[in-house]
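Since each chain comes alone in its own frame, lean on the hints to assemble the complex.
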Amino acid sequence: MPNVSNAPALRLTDIRKEFSGLVAIENCSLAIEAGEIVALVGDNGAGKSTLVKIIAGVHPPTAGTIEFAGKTVQPTTDANRNDVEVVYQDLALADQQPVYMNLFLGREKIKRPLGLLDRRGMIDEAQALVSQLDVRIPSVTATIRDLSGGQRQGVAIARAFHWAKRIVLLDEPTAALGVAETARVEEIIKTLRTQNLAILIISHSLDQVFRLADRICVLRRGSQVGIRRTAETDKNEIVSMITGLA
Amino acid sequence: MDGVHRLLDRVDVRQNVVYVGFLVIFLFFSVTLWDTGFLSSRNLINIVLQTAPATVMAVGLVFVLSAGEIDLSFGSIVAVAALVGAVVMQEASALVGIAAALAAGCVIGAINGAFVAFLRLPSFLVTLATMGLFAGVARTLTDLRSIPITNEAFAGFFGSGSLFGIPSLVLWTVAVVALGHLVYRHTTFGAHVVATGDNAAAARACRVKVTRIRLSVLVLSGACAALAGLLYAGRIQGARYTLGEADLMIVIAAVIVGGTKLNGGKGSIIGALFGSLLMGMLNNGLILMGLSVSQQLIVRGLIILAAVAISLREPAR
Ligand SMILES: Nc1ncnc2c1ncn2[C@@H]1O[C@H](COP(=O)(O)OP(=O)(O)OP(=O)(O)O)[C@@H](O)[C@H]1O
Ligand SMILES: [Mg+2]
Numbered sequence: 001m002p003n004v005s006n007a008p009a010l011r012l013t014d015i016r017k018e019f020s021g022l023v024a025i026e027n028c029s030l031a032i033e034a035g036e037i038v039a040l041v042g043d044n045g046a047g048k049s050t051l052v053k054i055i056a057g058v059h060p061p062t063a064g065t066i067e068f069a070g071k072t073v074q075p076t077t078d079a080n081r082n083d084v085e086v087v088y089q090d091l092a093l094a095d096q097q098p099v100y101m102n103l104f105l106g107r108e109k110i111k112r113p114l115g116l117l118d119r120r121g122m123i124d125e126a127q128a129l130v131s132q133l134d135v136r137i138p139s140v141t142a143t144i145r146d147l148s149g150g151q152r153q154g155v156a157i158a159r160a161f162h163w164a165k166r167i168v169l170l171d172e173p174t175a176a177l178g179v180a181e182t183a184r185v186e187e188i189i190k191t192l193r194t195q196n197l198a199i200l201i202i203s204h205s206l207d208q209v210f211r212l213a214d215r216i217c218v219l220r221r222g223s224q225v226g227i228r229r230t231a232e233t234d235k236n237e238i239v240s241m242i243t244g245l246a
Numbered sequence: 247m248d249g250v251h252r253l254l255d256r257v258d259v260r261q262n263v264v265y266v267g268f269l270v271i272f273l274f275f276s277v278t279l280w281d282t283g284f285l286s287s288r289n290l291i292n293i294v295l296q297t298a299p300a301t302v303m304a305v306g307l308v309f310v311l312s313a314g315e316i317d318l319s320f321g322s323i324v325a326v327a328a329l330v331g332a333v334v335m336q337e338a339s340a341l342v343g344i345a346a347a348l349a350a351g352c353v354i355g356a357i358n359g360a361f362v363a364f365l366r367l368p369s370f371l372v373t374l375a376t377m378g379l380f381a382g383v384a385r386t387l388t389d390l391r392s393i394p395i396t397n398e399a400f401a402g403f404f405g406s407g408s409l410f411g412i413p414s415l416v417l418w419t420v421a422v423v424a425l426g427h428l429v430y431r432h433t434t435f436g437a438h439v440v441a442t443g444d445n446a447a448a449a450r451a452c453r454v455k456v457t458r459i460r461l462s463v464l465v466l467s468g469a470c471a472a473l474a475g476l477l478y479a480g481r482i483q484g485a486r487y488t489l490g491e492a493d494l495m496i497v498i499a500a501v502i503v504g505g506t507k508l509n510g511g512k513g514s515i516i517g518a519l520f521g522s523l524l525m526g527m528l529n530n531g532l533i534l535m536g537l538s539v540s541q542q543l544i545v546r547g548l549i550i551l552a553a554v555a556i557s558l559r560e561p562a563r
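As they're listed, the protein sequences go chains A and B.
First residue of the first sequence? That's 1 in this note's numbering, and the numbers climb one at a time after it.
First residue of the second sequence? That's 247 in this note's numbering, and the numbers climb one at a time after it.
With the rest of the complex left out, here is chain B (with noise of 0.2 angstroms):
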């Protein structure tokens, strides 16, 4: 009896959106695509390794929103971080430069995090301002320019390199994934995000510490974001105020498609990495299907409009 509810409890519709959407739009493929390759293994291991600092920023973005935040900044933190690790590492060690990009990205996400935890301003609007200035401050940091970065081995750790024949960026999703759902399910903390989330007075009631914990999930997501400039930057061995501009919509579709909601309490790290994965495959099989920029856009952001409302809406009660 007890373990059919808690079988039930587990085996929420909504939250199993992103499952079955990505193995509907999985078999479409297969069968419209079949002839360009896109069942190829290097085909879809193509799709995974696109996705990973998607995935990255989604894990951060998981916690914010678990919080009953928001953090739209992160797309800018990506750029900032990159170009902060690149300028470094043209003086200093990769090692440095990695450790100036990780700090670039914290501090950063500390600084998004006072307002909101310290100051009790909406993070919308807190990251939305934040999102503009430090996209200005990646075009400024270089006047526009992109930073190579010639360290091999930098190259190999974060993009093109591999171990036991496993693509690095494979691991890296794998690692980051893993870890972010051990914390977030598993550990006094992830708990703790949850409860802000959902009722912050009633946490507090509770000796939570609501405002630490707003101000730990910010920084997260700006490490994250940094750790997702570094991957961007291995791939492409340099760093470039670009980088990171376009995954705003990308991300937040995965996350709350993987079944995390927008205002706070309840999340899926899983979910968030198979949502990343789905706007992967997406991306992917429209480009294979032929269709133009602009049709894609419109196909995504209907898939994207369906899935949301799949997943949001609320059971009558």
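The shape of chain A in the complex, shown without the other chains (with noise of 0.2 angstroms):
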């Protein structure tokens, strides 16, 4: 009988995936607290995105348990949709629609008894979110095109703190930035922390994954290497981690 107050807010148990025969992820178990943040780390092709889509309910696992708070979820299913949201490298955005819409796309507000769009009220709840994380738009009205890469991640990652009740994946999430623009949305990911959201980041930059992390994980080909504390190790041990070099 797992203890539900105390658990992590996401615990993954011997998650083995298989695409045709091919395999994805074995032995991959890890836990995260609300409020950790956690980098997954790996050479290309590792399974990085993979576990961040088994976990979002993308993809069944092939075996394995996943639990939310303690609480076993069944995959792909709706029922815990707010639980868990994800910012994908290649950032889900509605490029010609304004921020604001973006922000609630699929979960609009909307005005009673009409069921007619409540536009005032989505822009003033999306000012008060991007001032919150410190996001820095022209206006919540803009039009996504007109942003910068940083600033799109930062909506992006914004619509998954609004969302999001315990657990946030972020693959990737500044591989396509500049060093100033990576700083910006560094920050946002920091204060999501402050949040008491649990966070799993996937970078291919150690020194980010130093700045951020709490603790790393490391895949190889599939398999789950090990866990490191930041504070306890090095990034030569990761390397050679992710490498499987001594």
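No lab work stands behind these hints: they were computed from the structure.
Possibly wrong hints are sitting among the right ones.
Claimed, not checked - Here are some, though not all, of the chain B residues that point toward chain A, as calculated from beta-carbon distances under 8 angstroms:
(1) F370
(2) R385
(3) A437
(4) A451
(5) V454
(6) S540
Said to hold, decoys possible - Simulated DEER-style distance windows between Cβ atoms:
(7) F370(B) <-> I110(A): 26 to 36 angstroms
(8) R366(B) <-> K109(A): 24 to 34 angstroms
(9) F19(A) <-> V270(B): 52 to 62 angstroms
(10) K111(A) <-> L341(B): 29 to 39 angstroms
(11) K109(A) <-> A447(B): 20 to 30 angstroms
Remember, predicted model here, so these are calculated numbers, not experimental data.
Note that the Cβ used here is the ideal one computed from N, Cα and C, for glycine as well.
Put into structure tokens, the structure is as follows:
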């Protein structure tokens, strides 16, 4: 009987995933507490994105269990849609729509009794949200395509933050960004931690991983090689874990 | 500050080409055709009456294009729906005939939609095929014969009638445009239509029912085409396989000039109304100028080309 109140926000136990014979993930077990940032690292094709999609319910795992706050979830059902939110590298934003409509896409506010869109309400709530996270955009009514890459990623993270009850998954959120924009996005991610969300971030930048993460989980060719506390390891150790070369 | 931004968001030059163009061409005809009665209220109302069916089709097409799809078959649906309505009305009441016509439009739209939404075939090719298919159906339905509609109430309701002195075709135009605008701008459905056309993967990731949206817009387009068919049928008090035949180019031009993007994500119902009125005004003015049919085709083509070029050109960025 799991202790629900003390359970971690996310717990993966012995996750395995095969794509028609190809083993993409095996023996993966990981727990993330609320208010913790865990980095997921590994070479290209190591299975990082696949693991994120399994947690997000895009792919069902071949074996293993997923628990949100101690409750086992049935993968790929909508029941847990509010527990976890994902920020994909390729930005799931609608470019020609304003920021606030993207923040509310699929979950628009409507006004009773006619059920018409409450644009005013969405604009106000979006405004409060971007202020809270200090996402610096000209206006929440600005069109996405008029924003910089960093601003767009800020919007995507704000959306995830707004809807996620427990867990935010970030798949290479700064891969396409310059130095200043990356720093800005990292600030926003740190704000999420203070809001008691559990955060899993995929990154190829070890500098970034060491700046942000509390712990680091290393995958190599689908297998979990190990988990280290950031404070108790260094880049050399992580690199050798990633590559498998001592 | 915020207000200024919001204002700037709204004043998008490309999306306002239609209003400027409308005004310029209106002024041009007003000056050059001042002695031909172009400005008479009779002629101006006539323009609105003549464009009513095109405007109704344009409203449906805005939804289709915004969702990232296209419908080339609506002209054929006009004829099929009008003929189905007329044939049914020979045996049954006008109400049953109207219902049959609208149902025919929805069913054909659903056939288009099924191929596009469920089989993910390109709507351009699907509706190119069904355009020919249903033009053929319209011809065979009554063996090229036109079917008269003798029901007075029907003709009044859809064609020559009026309410409080306002012609029924004007009322239809206003009603369809107002309802279309409300749904497009102020409902979740409208928001999901543009999101689907903008970035279908993003919309789906946000749980937007993309497949249902694609199906719906093509059904909607079929329904609008059927209503346009009823408007034509009311005006000429009968149905013919040629109805809607010439509307494809005009309606697409009206919608694009009105600020709707050909590849989805953005559109305007009010813009489409003005685009349609612009096309009607051009038609009317060029005839009054005494241009031959071939000259009209050339001039209209050039003006549409210019308007489309201005409204579609992306600013350098
Ligand atoms: N839908 C799928 N069908 C079949 N194979 C897949 C699928 N998705 C991923 N794979 C395979 O699973 C393996 C892991 O891919 P994944 O995208 O998870 O890697 P990654 O660690 O995110 O790599 P990168 O750092 O390049 O993003 C790869 O061999 C990939 O080809
Ligand atoms: Mg990846």
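Verification of the hints:
no.: 1; hint: F370; verdict: 21 angstroms, violated
no.: 2; hint: R385; verdict: 41 angstroms, violated
no.: 3; hint: A437; verdict: 6 angstroms, holds
no.: 4; hint: A451; verdict: 4 angstroms, holds
no.: 5; hint: V454; verdict: 5 angstroms, holds
no.: 6; hint: S540; verdict: 39 angstroms, violated
no.: 7; hint: F370(B) <-> I110(A): 26 to 36 angstroms; verdict: 34 angstroms, holds
no.: 8; hint: R366(B) <-> K109(A): 24 to 34 angstroms; verdict: 31 angstroms, holds
no.: 9; hint: F19(A) <-> V270(B): 52 to 62 angstroms; verdict: 59 angstroms, holds
no.: 10; hint: K111(A) <-> L341(B): 29 to 39 angstroms; verdict: 34 angstroms, holds
no.: 11; hint: K109(A) <-> A447(B): 20 to 30 angstroms; verdict: 24 angstroms, holds
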